[in-house]
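A.B. asks: Listed below, chain by chain, are the residues.
2 protein chains.
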Amino acid sequence: MELKGRSLIGSQEGAATRDVFYAWNPRTNEQLQPAFYSASEEEIDQAARLAAEAFATYGRLSGRDRAAFLRSIAEKIEGLREELVERAHQETALPKARLEGETARTCGQLRLFAQVVEEGSWVMARIDRAQPDRKPLPRPDIRSMLRPLGPVVVFGASNFPLAFSVAGGDTASALAAGNPVVVKAHPAHPGTSELVGRAIRQAVMEHNLPDGVFSLLFDRGTQAGISLVKHPLIKAAGFTGSHRAGRALMDAAANRPEPIPFFAEMSSTNPLFILPGALRERTAQIAEGLYGSFTLGAGQFCTKPGMVFLPDGESAHQFTSQLRQLVERADAFDLLTPGIRDAFSASIRARLQHRALRVVAEKPVTTGKAGAIVFETDASSFLKDPELAEEIFGPETLLVRHSDREQILEIARNLGGHLTATIHGTEQDLHDFADLVSILERKAGRLIFNGFPTGVEVCHAMVHGGPYPATSDSRFTSVGTLAIFRFARPVCYQAFPDTALPDELKNENPLGIWRMIDGEWTKEPIAAGHLTAVR
Amino acid sequence: MELKGRSLIGSQEGAATRDVFYAWNPRTNEQLQPAFYSASEEEIDQAARLAAEAFATYGRLSGRDRAAFLRSIAEKIEGLREELVERAHQETALPKARLEGETARTCGQLRLFAQVVEEGSWVMARIDRAQPDRKPLPRPDIRSMLRPLGPVVVFGASNFPLAFSVAGGDTASALAAGNPVVVKAHPAHPGTSELVGRAIRQAVMEHNLPDGVFSLLFDRGTQAGISLVKHPLIKAAGFTGSHRAGRALMDAAANRPEPIPFFAEMSSTNPLFILPGALRERTAQIAEGLYGSFTLGAGQFCTKPGMVFLPDGESAHQFTSQLRQLVERADAFDLLTPGIRDAFSASIRARLQHRALRVVAEKPVTTGKAGAIVFETDASSFLKDPELAEEIFGPETLLVRHSDREQILEIARNLGGHLTATIHGTEQDLHDFADLVSILERKAGRLIFNGFPTGVEVCHAMVHGGPYPATSDSRFTSVGTLAIFRFARPVCYQAFPDTALPDELKNENPLGIWRMIDGEWTKEPIAAGHLTAVR
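Those sequence lines, one after another, are chains A and B.
Going letter by letter, the first sequence gives residues 274 to 808 in the numbering used here.
Going letter by letter, the second sequence gives residues 274 to 808 in the numbering used here.
Since the hints were derived computationally from the structure, they do not count as laboratory data.
Incorrect hints may appear among the rest.
One copy or two, it doesn't matter: identical chains are merged, so the pair holds either way.
[Stated by the list, open to error] Each computed SDA-like pair below joins lysine to any residue, with the alpha-carbon atoms no more than 20 angstroms apart:
#1 K657 - L630
#2 K796 - G785
#3 K408 - L682
#4 K277 - P409
#5 K408 - P368
#6 K503 - D524
#7 K408 - R384
#8 K796 - E679
#9 K408 - A377
#10 K369 - L305
#11 K503 - N528
#12 K716 - E663
#13 K796 - G352
#14 K408 - T727
#15 K716 - P530
#16 K277 - Q304
#17 K779 - H590
#18 K503 - R520
#19 K642 - A518
#20 K716 - E683
Being a predicted model, the structure only gives us computed values, none of them experimental.
Using the sequences and the hints, build the whole thing.
C.D. replies: What follows is the structure in structure tokens.
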């Protein structure tokens, strides 16, 4: 497919504006063709209007029809796999095997959401039947279910050109819930974005959906994103990226005349606690796992373990020396963009000058590449400087040695919000540090035992979220089927005739979904007058 | 019980500060004893700190224990019923029968949430079992459930001295979910607030809970509320009141260094559509119902129908004349506070001077009282002036006559967000106006058919919410059991040993709750290795 570099505004193509940019190959340091054109304010407005128009139809489509649409998108992406992986590899320098995996994950996510909306129980249908004889007043029949919010803006993420971009988890969950989507492509992989965008557009057309169901906008900078978030017809947004950009957009969403939900997944250092028994018993194994985790994707994961707490002593020495060997044996990394590379270098330079830090493992590399690096400090120094708990995006981690149990708990209590927190421990450790678990529950969205935080499973129970600043709203997740709840709101129908109710709430339960009837979950229909055979 | 006028800061009493205020009897226009003292900044800070300390314990209490605590609160409130109704009647001028009912509702809400958390399935437990043989990577065991957020601030509402105040729905749902609560009492009914606050405090002590689980702060103005919402240890807030105050607090919550969820139920004019068939067939009946609804509680309900759309013609004349008789026969009303009375008078004066409005029914009253009043206009004038769609708090409503179907739909499409939207229609009307229903679904949280919006049932399916500006976040409700979801967040446990998991997620399902296991809802335990008898 020939790339055109134009935004996709429903079924139309954007104009060749004056604001031009190019993708960049981080491995060869070369510009990639073709030119991409930033969307104009008129195009942004047009995309939002089309989305709002499309919502009237798309928001009322059955779950089965939305499922078919999502599956078509997955098929079309699979049809482009080779081209997609090739272009994404050029634009991101991520290994092809990883990009193959990410394509599969992206399609898997689309199909998982298709399954959720086709089955249909996700709408949390609730029915409280009328009690005409109740005193002092009769109770009317009351039924409620989740309904989509309206047009959703999705921001592509730099570090997942597929799974968190144009047809990533945000788009899949927003479309699944019944919302049109306007994607603001990440300028680091515009070609990958265009390929996926065209696949979605084709699915829109084949399913005879209104063309505003999906638009894709390019922008080299931040203006289009801000304009979209402020647009009165946009009703929610999902973002994965830096804290600075996330907070700016979050504030824009909150300060609109009509504030809207804004889901930002922003920054997380993912504390990892190695408890004494585990460190003794599995020194080398944990060092190996940690190395693999903090350098995975060149350390450019939001779940990268960026601070590691371990007890001082002989095992810690062994652990560190093991880690040193792994780091020194490693290859150099290509980071995603010149901007990320510069930010990483600046952060590392700052840490190298930090008095309380010393380098315990380092891979020297040539200019333009990034080498893995491990710093070390002690618990008291760590507690004194909050900057040491901040995320560095790239292959770096910080070991923090502590001398006793109280220091660990103090560190835990002082943590900000993170996506994950990990504990390595024996059964005995877990018993001795039960209070650590209960502190960490308040600090992170996912707690991991004897594992590593990178690798976020796409499943029903996953929580990829966490208290601020990890995300803008800890009550939601951006990965897994729970992510659909970000883009829906409950609507209640009081005393409606059966024929005027949505299928999900009709007496006979034509969709066969789980519903809460008078407080009890059941799949049974409601017989005329009363309920048959509940439970 | 002798009122002391002091804030309740955990088990301590607030100081007699210099900032003194009194309750007011709207019926007699007299000040009520005793003096109440605004909480100092130190007291506010102390309440937040105690709450944060208490959270470590209270947040981990079992659902059964929290249920027992909530039921104790209900019992203690019932023990004070006479005293409570008497004082609330003095402070609000609301009829005693209404206050009796509100007490029962308040206790009913506490017991309903007790039932929800004792049963336990509300936590949405989800379990995805490990797949050790999965390729290319094994899948770890992943389990998640809802956990409380932390200390919650609740603002008492002027118009519901019990059901939306100290032990109202916000407090009941926040406590049920496991969050300590700091209430900012409404200065219009401080005595009622103190009585209920003491009842809660007594329950805290009897259940041996940390005393920071509950605090009650007085303030004559707005400073305490702002300070609480900005306090770093506060993690969420619930508010019912005016749009101006709600938006100010909402902005304060969003602009904190760590933004927090803020649930404001603010302003709603509750459009009511009378379709042609219904108007013809039930002219007098609908007029009577409308009169009862817009004057209920002297029109001081957030669900008061404040704009009524009906087709021009003979039936509309009959309807108006019927309404006129009802209004003229009515008694005068005492509004809740001098402030509400002044705001009502000012709004009515402005409408009386509005060129496009005319009065069709009015009850003349003496100074200090409020009389029911009905205005009328035509659809074009209504569409021209957005102010006509704004809420007036008090016994007023506006009839809008239209000439055709298209005008109704245009009006509906132009509506802002409301708590409710009501349709009176025959089966035929509903068929002819099916698109009206689908527009209103996007404009309100609750749609009512052939009924009236006042009277919000406390049940599982209720949605008392709606798009902005009706509430700050349309994804949640402040009435009904769904309200508990405002104050909880999901936490995920990856590869945890069974013994370290919360009971809700343990293999054997010791609490017997509904859980989603590998995508299927079941109450079955998980047998060693795999699941027995799902479905």
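A.B. asks: Which earlier hints can't be squared with this structure?
C.D. replies: Violated hints (numbers, rising): 3, 4, 8, 13, 17, 19; every other hint is consistent with the structure.
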